[in-house]
Amino acid sequence: MDLNVKQSGIHSVALHTTYFQNRSGKVYKRAEERYLRNDLSCGLAQCGTCKDFGTNPLLKIENPVRNAKVGRHALIVDSTSLIRFYDLFDSSLLRDLIVTQTVWEGVKAKAVPAYKKMNSLCYEDAKDRFHVFMNEFHCETFSESSKFEDLSRGEELLLSTALYLKTHWQKHNVAPVVLVFDEDSKKRMENHYQHVMYLKEYIQNLEDPGKQALLDQMAAYESSGNGNEKQIFDEYLSHDRIMEGIASGTIKRGNFSVSRENYREATVIIDDQLTSWFITGNNCNRAVNGDTVAVQLLPEDQWTAPEKKIRLRDVEEYVKTADDMGNEDEENDDENDEPKAKKSKKMTVSTAKVVGIIKRNWREYCGMLLPSTVKGARRHLFCPAERLIPRIRIETEQAETLSQQRIVVAIDHWPRDSKYPLGHYVRSIGEMGSRETENEVLLLEHDIPHAPFSESVLDCLPREEWEPDLTENRGPLPRVDLRDLTICSVDPLGCTDIDDALHCKQIGEDLFEVGVHIADVTHFVRPGTAIDDEAALRGTTVYLCDRRIDMLPCLLSSNLCSLRGEEERYAFSCIWTMTSSADIQSVKYHKSLIKSKAALTYEKAQEIIDDPKEQNDVALGLRGLMKLSKVLNARRTGNGALTLASSEVRFDMDWESRTPKKVMEKQHLDTHSMVEEFMLLANISVAEKILEEYPDCALLRRHPVPLKESYKPLVEAARHRGFEIIVESGKGLADSLNRCVDKKNPMLNRLLRMLTTRCMTQAVYFSAGTVPVPQYQHFGLACAIYTHFTSPIRRYADVIVHRLLAAAIGADDIQSGLLNQARCTKICTNINYRHKQAQYAGRASVQLNVVRYFKGKVETCEGFVMGVRNNGIQVFVPKYGLESIIVLQTSAASGTTIDVEEMSVKVNGDVVIKELEPVTVRISVNEKNQQRPRVELQLIKPAIPGLSVDFDLSSSEGLGL
Amino acid sequence: MNIISEHGFRIDGRRPAQIRNINTRLGLNRNAEGSCYLEHGNTKVLCAVYGPYEGKSSKRIEDKCAIVCQYSATKFSGLERKNRTRGDRKSTEISRLLEKAFESVILTEAFPRSQLDIFCEVIQGDGSNLAACVNATSLALADAGIPMKGIASAATCGVVDGKPIVDLTSREETDLLPRVTLATICGRDEVILVELQNRLHIDHLSTVMDAAKATCADVYECLAVVAQQHLKACAPILGN
Ligand SMILES: [Zn+2]
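Chain order of the listed sequences is D and S. Under this note's numbering, the first residue of the first sequence is numbered 1, with each subsequent residue one higher. Under this note's numbering, the first residue of the second sequence is numbered 1, with each subsequent residue one higher.
Hint data in this document are derived by calculation from the structure and do not stem from the laboratory. The beta carbon of each residue, even a glycine, is placed where N, CA and C say it ideally should be. Keep in mind that the hints are not guaranteed to be accurate.
Footprint (simulated), chain S over chain D, 3 or more residues, beta carbon under 8 Å [said to hold, decoys possible]:
1) 129-140
2) 820-828
Reference excerpt, derived from the structure (chain S facing chain D, CB under 10 Å, subset only) [as the list claims (entries may be wrong)]:
3) 7
4) 9
5) 11
6) 13
7) 14
8) 18
9) 42
10) 63
11) 161
12) 204
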């Protein structure tokens, strides 16, 4: 085949055959061309042949750190070394490194954190130390067939690069050194090439005192020596066996998720039908929460069922007393003493075991060292703040100093003979217990970007003395001057980021003009700018009790975009004409310039509405809005919209000392629902508009209809109380919830609504055209389509929706990528994740403040039993939104028994505790352990004889997470 | 999978603006007036030209030659074996596009009331199938000695993150990547065919068109060399 591509750099064409599998498991052959090049740089600064092919960093500085074993050299690293020791390569002692394309792809496929590190080292932070050699495209190093039978493919490719570079560099007298991790691999490669070293061996031979620090960092690995005969875990199957198994259906892949109640149990969802397999004990085989694993079903006689028992590591550690902690050999394997009787025939579920790891989801974890009783020990156990992550064994000399700090640790590997994964210390966050440290932990753990805005972001801001300009138009549809309208905003007290304002005026007999005006954020945040990228990454503003992490810089969020009273601001208006029975006659959208007449609080607005003396335009407008909102609300409820309850509370903070003063009394005012109704209406109207215009890329929000089975806990709980819940339709559900009223237990209705929320999945953002149209619906709000338009200052979804609407009506350009479904989906994935994390972080922050609040206080409160387990009860304290587990020790002697089926606790046969019934608890902070102060619940009423309830578990491990 | 890797290369080792290897053989089919087998990398097409002849009266046009094109793909052209490969909507559309394009290339006034048939068959499809068909037809027409304004050449161009990539393979085409197929005459500015797939942002239009035109010129150079060599081989009398 003669080559006539007249382009530089291409040397020849090879055919490269790959096999791949489609979703249904069918295997295809694909023959692809591979253009082999002769314009790829070897990376050596002195090389004349390659000088025009790229920036050649290698040996630009003549080996400043000498190595006792080799002369002038450059290093070729293998993928295992990079994956395991990626932190080490930050050190400037390791220079002149070559990452081959094969290694690059290997790392990328296997380990995300290592890949990120490698990418930033090679292309940003350490460009002067790293060179990427494109061996698979290089005409001299590409090889389809194998030349060395004793080597694995990866080793062979490394070796062929080394051999090529050796010849290529002969006249420069530079030797490529291959750095490997694996012992066997080194032995095999040494048969063919002289310079093969372990990374450790290389570092040991460095002639620089700084090497000691590196060696310390590597220390974690030696502890897992091969000396230990006792293998705890089974070996993983080979990659090929797993792939075969997946193809034939005997092995499934899925995401490993650990139970929140019992750390020894996990489930893996293996298909689209949400079929889940249960995994327990050692069958988890070193999988960590979040990993993608390969699982295989056990024979049916080995199937078990969830214990329905609360097992949390911190409790067990307290029971065992901290002394055993340093010594894993003495920790008897509880797995073995599980009563066999449990495995009785009743109710077993599909039980499986992990046979391999497809992709690790390891990240860096925040947490603390567990106290060790052995003075001066090197090996320590690290307790991650996230309770789904196992303890991690690390080695450190500075345990004394670290014991009072929150630290960050990364997992390196998990050998078969170790009960815990092995990791290393990365850095310290700060003094334990200090507000800053704990907040930092919280933000890191929830992956919330919270660094101050960068210069390039701040450069995108307009000047502070910005003034509106009506002549400035971005699209054919001009901005409308609405400064004369009586517009006002209604928000919670102290709100500085006001994104919505309203107006209502009568324009005819039984005809009203109602407007919702939303901050025109997209006027300032232009696509493709640094500020837009940052907002897209953050996705949402995060509210902690004592801190707000803005999505947009303060100048925009609290000033230029915020629709403050008596100030001229740009807005995006949605204006309806409707009759007094809220029948919409028309709707129009345009950008506008408004001047809000008043920025009211909910309370103030309510006061104005209720006071007949108030007769100004603001008052009249508010009353009009209120009337219409009641009609809208009645209609929505009639359609089956659900009223759900959440357990969230807010603290009133003392902003001086940033400590919680008291729990905010939640008072529901009519003005709350008034504003809410119009926001819903605006969101629905906008959703309709953008969907009509962009049926395949509009950003919408849907709330999936829950499966009937998922209501089981709710239906059961209600049935025990004598109520029937109808789950056939949203309307049925809403109505039946309304009927669940128990005069003796006024909280019952709210508790059931809380349970309902838990039965459902969360609402999510998605791009139109990616799911079937019937699934667009928002179940909770009972509407066919929905989106978010009304809070662009604090949600990125709204920013995109603003752009879509502006494009649809011609108020702005259609910016690049806006109408791309794939991009929209990508944005949705991120903001869905960010929203979830923000929500969790908010809750964690409340919990953290509950601990702070109860310091030195004791309070007796009413609580409710939310669940009964084999060894304890879950208690919810509404006043503090606190949900904790009280462990009960049942024993025949005391006559106390727990009936999980009936959801009750009995003493001598009499039911004393039932699900959803009130109990009295005493709340205090247990500070016995200085490291981990935790909120403790004690059961006061009903008193259960013989049972001292000594510890609780708030759902955190003392970190409030 | 990134279409352009972190290192700036495509999956097959090309840089974004590089085309695949082009290979041709002219005059394979002796029964046809002109024929051409052409490869763009792994995309392989065969084109045969019949006529001009006195065709069906229904197709007849008073003052020029009617161009009738039939595009099809073999059952084994894709990764999966297909049953129906001709007469489906996509094939018909491509046939019409080819007809339109070559009506403006061929000097149709030279053969009034006659008909010219063009058959294009994709033997192996690996992206840029339409472009390959245009190029093969161009050479087949040259082989047949049909008078033309010049040799038409075509290429595809897509946009990844605002950057153009040319001559896409089927793996690169699978994404929702916006891409155009463009054909010009003699590598100059005169455009005879544009087909757009997926939504392309207006900001990227000029980038894509510029890159596509430049690529058409590259392809034209290859085709011109082939045509000249073929001409020399067929007609030694013409000499230099
Ligand atoms: Zn070189």
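To see whether the hints hold, each was checked on the structure:
1. Evaluation of the coverage hint for the stretch 129-140 of chain D: fulfilled, as 4 residues show C-beta separations to chain S shorter than 8 Å, against a requirement of three.
2. A stretch counts as covered by a chain when three or more of its residues have a beta carbon under 8 Å from one of that chain; for the stretch 820-828 of chain D and chain S the count is 3, and the coverage holds.
3. A cut of 10 Å between beta carbons decides the hint on residue 7/S: the least distance to chain D is about 6 Å, and the hint holds.
4. A least Cβ separation of about 6 Å between residue 9/S and chain D falls short of the 10 Å threshold, and the interface hint therefore holds.
5. This hint holds: residue 11/S has a C-beta 7 Å from the nearest C-beta of chain D, less than the 10 Å allowed.
6. Annotation: interface hint on residue 13/S holds; nearest CB of chain D at approximately 4 Å, less than 10 Å.
7. A least Cβ separation of about 5 Å between residue 14/S and chain D falls short of the 10 Å threshold, and the interface hint therefore holds.
8. Annotation: residue 18/S was flagged as interfacial toward chain D, and the flag holds, the nearest CB pair being 5 Å apart, inside 10 Å.
9. At about 6 Å, the closest approach between the beta carbon of residue 42/S and any beta carbon in chain D falls short of 10 Å, and the interface hint on this residue holds.
10. At its closest, the beta carbon of residue 63/S sits 40 Å from a beta carbon of chain D; the interface hint therefore is violated under the 10 Å criterion.
11. Proximity of residue 161/S to chain D holds as hinted, the smallest CB-CB distance being about 9 Å (cut-off 10 Å).
12. Among the interface hints, the one on residue 204/S holds; its C-beta lies about 6 Å from the nearest C-beta in chain D, closer than the 10 Å criterion.
Hint violations for this structure: number 10 only, all remaining hints satisfied.
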